[in-house]
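Each protein sequence line maps, in turn, to chains Y and U.
When we follow our numbering, the leftmost residue of the first sequence carries the number 124, and every step to the right adds one.
When we follow our numbering, the leftmost residue of the second sequence carries the number 85, and every step to the right adds one.
Read the hints as simulated data drawn from the structure, not as lab findings.
For each residue, glycine too, the CB sits at the ideal point set by N, CA and C.
Hints are supplied without guarantee of correctness; some may be wrong.
Straight-line distance between alpha carbons at most 25 Å, and here's what the computed SDA-like set of lysine to any residue pairs gives [said to hold, decoys possible]:
#1 U:270 / Y:154
#2 U:270 / Y:203
#3 U:270 / Y:153
#4 U:270 / Y:202
So the derived list for chain Y, only partly shown, Cβ under 10 Å to chain U, looks like this [to be verified]:
#5 166
#6 169
#7 178
#8 179
#9 186
#10 257
#11 270
#12 284
#13 288
#14 295
Residues from chain Y that keep clear of chain U, each with C-beta distances beyond 12 Å, as calculated [unchecked claim]:
#15 216
#16 249
#17 258
#18 281
Chain by chain, the residues:
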Amino acid sequence: MTVAPLPLTPATPNSAQPSDSSLGVGGQRTLGELYDQFGGVAYSLAYSITADRERAERVVTLSFAAAWNEHERGGAAPQQFFFSLMSAVRANAVAHKSADRSETAVVRFDSAATDANSGSVEQAVAHALRELPDTQRNVLALAYFGGLAVGEIAAELQAPMSYVNENLQAAMRHLRSVLTRRPSSVVSV
Amino acid sequence: MSSHEHWAESAAAYAIDALDTSERPAFEEHLSTCAACRADVEELREAAAMLAFAAPSGGAPSAELRERVLREARDVRPIESARSRRTRFTVLPWLAAAACLTLAVLTGVSLLRERDESARLALQLEHVRTDLAVRDSTIAAFLGPEVHVVSLSPTGEKPSMRVFWNHTRNVFIVTAFNVPRAPDGKTYQLWAIRKGQQPLSMGTFNTDATGRATAILAVTAVISDGGFIDICGLTMEPAGGSNQPTETPRLVGEWRHTD
Numbered sequence: 124m125t126v127a128p129l130p131l132t133p134a135t136p137n138s139a140q141p142s143d144s145s146l147g148v149g150g151q152r153t154l155g156e157l158y159d160q161f162g163g164v165a166y167s168l169a170y171s172i173t174a175d176r177e178r179a180e181r182v183v184t185l186s187f188a189a190a191w192n193e194h195e196r197g198g199a200a201p202q203q204f205f206f207s208l209m210s211a212v213r214a215n216a217v218a219h220k221s222a223d224r225s226e227t228a229v230v231r232f233d234s235a236a237t238d239a240n241s242g243s244v245e246q247a248v249a250h251a252l253r254e255l256p257d258t259q260r261n262v263l264a265l266a267y268f269g270g271l272a273v274g275e276i277a278a279e280l281q282a283p284m285s286y287v288n289e290n291l292q293a294a295m296r297h298l299r300s301v302l303t304r305r306p307s308s309v310v311s312v
Numbered sequence: 085m086s087s088h089e090h091w092a093e094s095a096a097a098y099a100i101d102a103l104d105t106s107e108r109p110a111f112e113e114h115l116s117t118c119a120a121c122r123a124d125v126e127e128l129r130e131a132a133a134m135l136a137f138a139a140p141s142g143g144a145p146s147a148e149l150r151e152r153v154l155r156e157a158r159d160v161r162p163i164e165s166a167r168s169r170r171t172r173f174t175v176l177p178w179l180a181a182a183a184c185l186t187l188a189v190l191t192g193v194s195l196l197r198e199r200d201e202s203a204r205l206a207l208q209l210e211h212v213r214t215d216l217a218v219r220d221s222t223i224a225a226f227l228g229p230e231v232h233v234v235s236l237s238p239t240g241e242k243p244s245m246r247v248f249w250n251h252t253r254n255v256f257i258v259t260a261f262n263v264p265r266a267p268d269g270k271t272y273q274l275w276a277i278r279k280g281q282q283p284l285s286m287g288t289f290n291t292d293a294t295g296r297a298t299a300i301l302a303v304t305a306v307i308s309d310g311g312f313i314d315i316c317g318l319t320m321e322p323a324g325g326s327n328q329p330t331e332t333p334r335l336v337g338e339w340r341h342t343d
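Make a model of the complete structure from these sequences and hints.
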């Protein structure tokens with residue numbers, strides 16, 4: 124399956140759409156506009172990992188500050204801000220998560236693959252995940268939502284590290300082939 | 085198997101931050117010399133970011149979150165910001181205030197005389213007010229009654245960073261001198277280290293082209309609830325920061341009381 128340029132739609136019903144004049148890739152946006160567009164998905168990711176609303180909001184706050192500062196206060200293209208933001212959200216959320224979160228990660232990753240709305244970027248990601256063999260999807264979920272390193276996943280699955288590494292690599296490369304295109308069509312924002 | 089082929093197999097794990105800590109330094113050493121692997125990691129990171137859309141909805145965040153995000157991002161402020169270039173953070177507070185006040189007055193006069201530039205000047209005035217408020221906030225944080233400070237330096241050299249922990253305001257104030265700007269795709273990350281425990285991230289920042297920075301970082305609950313910090317360390321990490329340091333700290337220092 125190939126995916127057309129993916130719209131990053133606001134994830135919360137009350138999110139405001141940026142004006143057309145601020146939509147161009149490479150154009151600058153205010154932090155408020157970036158929050159309106161990415162705040163919902165950032166919060167959902169943080170909550171999925173931390174399972175705690177207060178921690179999730181703290182993670183979102185810290186991560187927006189880090190990404191905003193990283194890109195010199197709005198100087199980067201929106202999709203670059205998005206990549207930095209989600210990297211920060213995931214890292215901060217893993218640092219704040221409860222000790223037992225890795226045990227439920229696979230279940231929630233699987234359920235996410237069935238919840239997507241038709242035509243959305245969530246559906247495209249869900250479809251890409253469904254195409255993965257179970258092993259690859261499980262390893263990916265343990266790494267992404269569980270925050271486990273390759274060695275920890277190997278211990279969890281009682282499998283060699285090379286087995287984990289190969290499955291993780293295959294999963295990531297499949298997602299890349301389906302979800303990203305060069306040069307700037309990863310997300311259409 | 086060549087060195088490149090060996091490390092290429094680790095690119096996915098690195099991109100999703102799952103490469104074991106013991107392997108990260110060697111992989112990053114390889115990244116510094118291999119453009120193909122750098123491009124590979126970059127693309128894989130973009131794919132990893134898209135996985136955020138696989139997270140089930142956590143419901144709507146609180147209505148206050150938006151304002152909190154805007155306020156805290158505003159407070160984490162690199163010194164190279166265009167609006168703060170006119171003065172250095174070392175300028176005495178009253179001089180800074182006087183300069184801003186003078187500029188504000190001049191701006192007001194200009195508004196009367198130059199109606200065509202009213203919008204631009206109003207924006208300039210707002211920027212000055214914002215700068216002054218941020219500077220006042222920073223100065224107040226420095227002078228708070230409960231402040232701990234740590235000076236960071238390479239072994240045997242003069243300090244090139246100071247970090248103030250204001251317990252009342254629950255913020256770290258970071259000042260850096262002669263710390264080369266982290267390149268694109270990298271950032272500086274501060275670590276709070278308690279003896280016998282894993283380092284905790286204090287936040288990320290970058291310096292300007294002259295190697296200077298001033299930033300205010302919010303203190304996370306996991307740090308503030310953990311008691312006194314023994315050591316503070318600075319590492320260079322991938323953009324967005326890391327869960328744990330991926331290199332030996334470039335600068336280190338021990339906390340001490342100022343009061």
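We went through each hint and held it up to the structure:
Between the alpha carbons of residue 270 of chain U and residue 154 of chain Y the distance comes to roughly 21 Å, so the proposed pair stays at or under 25 Å and holds. For a cut-off of 25 Å, the pair hint linking residue 270 of chain U to residue 203 of chain Y stands: about 13 Å separates their Cα positions. Under the criterion of a C-alpha separation no larger than 25 Å, the hint pairing residue 270 of chain U with residue 153 of chain Y is consistent with the structure, at around 23 Å. The straight-line distance between the Cα atoms of residue 270 of chain U and residue 202 of chain Y is roughly 17 Å, inside the 25 Å bound, and the hint therefore holds.
A cut of 10 Å between beta carbons decides the hint on residue 166 of chain Y: the least distance to chain U is about 4 Å, and the hint holds. About 7 Å separates the beta-carbon of residue 169 of chain Y from the nearest beta-carbon of chain U, less than 10 Å, and the hint is met. Interface restraint check: residue 178 of chain Y against chain U, minimum CB-CB distance 8 Å, threshold 10 Å, status holds. Here the hint on residue 179 of chain Y is kept, as its CB sits about 6 Å from the closest CB of chain U, short of 10 Å.
Contact between residue 186 of chain Y and chain U, as hinted, is supported at the beta carbon level, the nearest pair being about 8 Å apart and thus within 10 Å. For residue 257 of chain Y, the interface hint is violated, the least distance from its beta-carbon to any beta-carbon of chain U being 15 Å, above 10 Å. For residue 270 of chain Y, the suggested interface contact is upheld, since its CB lies about 7 Å from the closest CB of chain U, less than 10 Å. Checking residue 284 of chain Y against chain U: minimum C-beta separation of about 8 Å stays under 10 Å; hint holds.
Checking residue 288 of chain Y against chain U: minimum C-beta separation of about 6 Å stays under 10 Å; hint holds. With a cut of 10 Å, the hint placing residue 295 of chain Y at the interface with chain U holds, because the nearest CB-to-CB distance is about 4 Å. A cut-off of 12 Å between C-beta atoms contradicts the statement that residue 216 of chain Y is not in contact with chain U; the least separation is 10 Å. Consistency note on residue 249 of chain Y: stated as away from chain U, yet its beta-carbon is not over 12 Å from all of that chain's, at 6 Å minimum.
For residue 258 of chain Y, the shortest C-beta to C-beta distance to chain U comes to about 15 Å, beyond the 12 Å cut-off, and the non-interface label holds. Consistency note on residue 281 of chain Y: stated as away from chain U, and its beta-carbon is indeed over 12 Å from all of that chain's, at 17 Å minimum.
Checked against the numbered hints above, the structure breaks hints 10, 15, 16 and satisfies the rest.
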